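Numbering-wise (the working numbering), the sequence shown opens with residue 1 and increments by one.
Do not rely on the hints blindly, as some may be mistaken.
[As the list claims (entries may be wrong)] Label pairs and their in silico Cβ distance ranges:
(1) Val56 x Gly18: 15 to 21 Å
(2) Ser10 x Glu79: 17 to 23 Å
(3) Asp73 x Val30: 15 to 21 Å
(4) Glu79 x Gln20: 24 to 30 Å
(5) Asn43 x Leu16: 16 to 22 Å
(6) Asp34 x Pro11: 16 to 22 Å
Read the hints as simulated data drawn from the structure, not as lab findings. Given the structure is predicted, the values throughout are model-derived calculations rather than measurements. Built from N, CA and C at the ideal position, the CB exists for glycine as well.
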Amino acid sequence: MNNEYRIPDSPHSVILEGRQRISIAGVREVMSFDENEIVMDTNRGMLTIGGEELHVEKLSLDIGELIVEGTIDAIVYSEEKGHRGGFWSRIF
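The whole structure should be built from the sequences, with the hints applied where relevant.
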C-alpha cells in the first residue's frame with residue numbers, strides 16, 4: 001500500500017475500554033494478527049497488543065484507525081521496524 005497520500009504526523013491515540021476493547025488512531029499497517037497478538041506499525045513506532053480471543057472489529061488504514069475486542073493483557077511499544085515476534089516471543 002502506498003503511504004504517500006497520508007499525513008505523516010497524523011494524531012495518534014490509544015483508548016482502552018475496560019480491557020475488553022481498544023481503539024487506536026495513527027495506524028499505518030497491521031503487520032500480523034491472531035487471537036493472542038496483534039502487531040502494527042503506528043506513526044509513533046511499532047505497537048503490539050497481547051491478549052486472548054482478540055478480533056479486529058474495525059480496520060481502516062485510509063484514516064489509520066483500528067478497533068480490537070477481546071481480553072487485552074498488554075500494550076507494548078517498540079522502535080523496531082518490521083518486528084514480527086512481539087512482546088511474548090522476546091520473553092519465551
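Compare the structure with the hints numbered earlier in the document and write down the numbers of the violated ones, lowest to highest. Violated: hint 6 alone.
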